[in-house]
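One line per chain: the protein sequences are H and A, in this order.
Heads up: the first sequence at position 301 corresponds to 349 in the working numbering, and the numbers run straight through without jumps.
Heads up: the second sequence at position 117 corresponds to 122 in the working numbering, and the numbers run straight through without jumps.
Treat the hints as calculated values from the structure; they're not laboratory data.
It cannot be assumed that every hint is accurate.
[Said to hold, decoys possible] Sample of chain H residues lacking proximity to chain A, with all beta carbon distances greater than 12 angstroms (derived):
1. ASP96
2. ARG112
3. GLY237
4. GLU369
5. PHE378
6. CYS392
7. TYR499
8. ASP500
[Unchecked claim] Keeping only pairs whose Cα atoms sit at most 27 angstroms apart, straight-line, the calculated DSS-like set for lysine-lysine is:
9. A:LYS182 to H:LYS136
10. H:LYS150 to A:LYS7
11. H:LYS220 to A:LYS7
12. H:LYS467 to A:LYS7
13. H:LYS460 to A:LYS196
14. H:LYS122 to H:LYS220
15. H:LYS230 to H:LYS589
Ideal placement from N, C-alpha and C gives every residue a C-beta, glycine not left out.
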Amino acid sequence: MQIQLRDPNKIMKLSRLGSFHQSKLSFLRSFLDEFKDWDYKNDLFDLDKNGYGTAVYSFRKKERIYSLVCFANKINDDERSDRVIATKWDAAFTLHDGPPSKKDIERLRNEVPKQEVGRLSYKELTLSRANRSVRVFNYVVDSLSKGSQPDLDILEKVGYLYRTTAVYGSGKFGLADRFRIKNREEINGPFRLEMMLVYLVRQFTFDQVNHVAKNKNPKSAVKLDPKICKKLGIGNSTGLGMAPFIVNHPTLLNNWILSREIALKKIREIKKVNLNEIKIFKKCLKNSIKIISSWNTDSEYQKNKINSLFKNIQKFLKFIEEEFDFEIDFPLNEVYLWVEKNTCEECIEYVVSMMLEPFDNITKPLVNGMSSDEDEYFTIPTNRTVKDLRNIIEKRYPDILKINFEKKENFKNFWFISKNKEEPRYADRFDEEGSELEQPLAIARDVKKLYDQLLVSKNSLTIDKFLIANNDLRHVIRRAFIIEKFPYSEIQDNTIGEKVIPIDMLRLKLSFFGALKFDPRSDKWLRICMFQGAPLPNDLKNFDHHWVYNY
Amino acid sequence: MKSLSEIDTTSKRASRAVGFSWGVAEEIGKNIRLLELFGLEGIKTLNQYYKLRKNQKFENVNLINENNHSEKYPFCPITLGLNFLDQIRGIEKFEKIIFNNVSYPLLILPFLSRSSEVIGKKIKLKFNDIAFLLNLNVNIRSNLSNQSFPEFAKKVEINFLENKDNFSQQEWESLYKLSEETFVDETDSLKQNAAGAGLTDND
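Given only the sequences and the hints, what does the whole structure look like? Please build it.
As structure tokens, this is what we get:
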């Protein structure tokens, strides 16, 4: 049976992308898989009794060493902000290429805590900072120092001791450019080093909390039970900075989505699914219910999505337990078709992620295809014609061409870079000033403008000649030729309309990171949890690959 | 030291700020990155050119011919290079192309280097006493295009150069300041609403 890839015009809608969940293809899971046989070490742990100081953790294999350098600092409660406006954090981190010398550590001590206003070097690969969840951190310290383990119910509501508020890489603030390291086999997957940083930060938070508790009460303090540690992840607070990324990296976006779609297609094409595969699928699905039921948020928007997901998953479970026969031919295709017909978008994508779980043979080879050499597709094929370009747009942007950009509600918002923090922002163009400095992220509007211009141009005109008078549309001409080859490279929605929910864009990216428990704090920023349930570094050599559901 | 990613982004934004479209600015960002990667003075030259653009007019060459003359004003190296790249498949039939009166010719170089990759042919560029051989966007040779490498060398000296910028901090700051003209000054209202910020986060 030949199954078609799902239609990009359906899958690349914001509401669908905003319903994506982590899967076996997620970067934190493929990171753990890649680094499972590396040697982990805590090289330095020089903290004072309050937990302030320096620590270094490393992963090593043969000659290659990656070192996380941590700086924990005292800050006042009123200085603690998750947003990009902050200038101080409880801890700051960088992933250093190789073992850091004393001189490196001194240099980094001056720069890393400053984050965006510090300068890193080509020896540093990623940069981040994090804030304590004060309530949970202090509670855990108190419990441990009294010799007892903290109440898991309290911990699981938050899910972490610290949350990061940005993770930078690829040349930001002087960090190493990607090209310097791109040929290393172990990082041949997106965001590997960002994932490594976050993973090692998680271990630092456990070591720090143990250290502070021990110093508070050296005689009776106990260490946080590793089983509890495993149930904790690292939080992350994410604002709009992530949203433009998926627009600015079209081939990369395509490769992420395409890998997932190819996996789904191949799984739907399996004629007979064996008992073990069915068992894994059902087990992950049933165990995952606790992720949904422990998914806390104050956001009404997300609460409705969670409720709908919960109901739909129950309905689906009932269906596969009571009505469905997995022994039929192409059972997972039938499962998919049922889910698509009978459940909500959030549930459809949830089940798609579950369907990937039993099939390492299908997902693993796809991981390496999730990076992209973007420069390869940058140059516009100017020997093509107006007719070619028009055909591409008609084929690849059918719904976008239907949007009426004369209507105010369809161009109500604009994306800009704030002068104060040099970060992307989103605002109402009719209420706020600055829309003349709009960033080129209104792709739907500009594609429509390009199309209108193509309609009044001669079919046989080549693009080099078309560009002479239309260089203002160059950015979307480039994108149209990219989408011709990369069908999932574009969000098939209007990103500046009145009804846009920017966190849908964030959610898409975070799902590929492997984030859980999306907790929108507004329509523009959210909190998530990463690595909750993941094996600890010392347990990496042999771990359960379905840990996300089984912790 | 500035990373190539920073060089690309700042050049792109500065180019938008001086009036190029975002699509053209993207091309310029990539080009300056390429120049700096090859060890050529991209940031410095772009900076100088943008300063000059404020007070001086430049001619845009649109359709490229074998001989291209600009009597009144020098050619803008960006539009010249861009149209060269765009039209490369049509103009490669010319054996030689002459441009008369071009400002900051170094800025054309990356467009030609990329053109060389598009047509799969090496391209030679000469201005004043300087010659470049652009080799399929893989490397750039300078002033050696007519010479063979000697078979024997009496002395070979190799130096490892520290990673450092090809431009001064002042030159960087000047271009960076220009790039800031694409940013929006945040009012209190934008600060509160545009990023969805919570001001303190103690939980």
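Evaluated hints:
1. ASP96: 22 angstroms, holds
2. ARG112: 20 angstroms, holds
3. GLY237: Answer for GLY237 (chain H): holds, closest chain A Cβ roughly 19 angstroms.
4. GLU369: GLU369 (chain H) clear of chain A: closest Cβ-Cβ about 39 angstroms, beyond 12 angstroms.
5. PHE378: Answer for PHE378 (chain H): holds, closest chain A Cβ roughly 44 angstroms.
6. CYS392: Holds: least Cβ distance 25 angstroms, greater than 12 angstroms.
7. TYR499: Given a closest Cβ separation of 16 angstroms, the condition holds.
8. ASP500: 17 angstroms, holds
9. A:LYS182 to H:LYS136: 25 angstroms, holds
10. H:LYS150 to A:LYS7: 23 angstroms, holds
11. H:LYS220 to A:LYS7: Roughly 9 angstroms separates the two Cα atoms, so the pair holds.
12. H:LYS467 to A:LYS7: Roughly 20 angstroms between the alpha carbons, so the hint for LYS467 (chain H) and LYS7 (chain A) holds.
13. H:LYS460 to A:LYS196: 18 angstroms, holds
14. H:LYS122 to H:LYS220: Answer holds: LYS122 (chain H) to LYS220 (chain H) is near 26 angstroms, not above 27 angstroms.
15. H:LYS230 to H:LYS589: 25 angstroms, holds
In this structure, none of the earlier numbered hints is contradicted; all agree with it.
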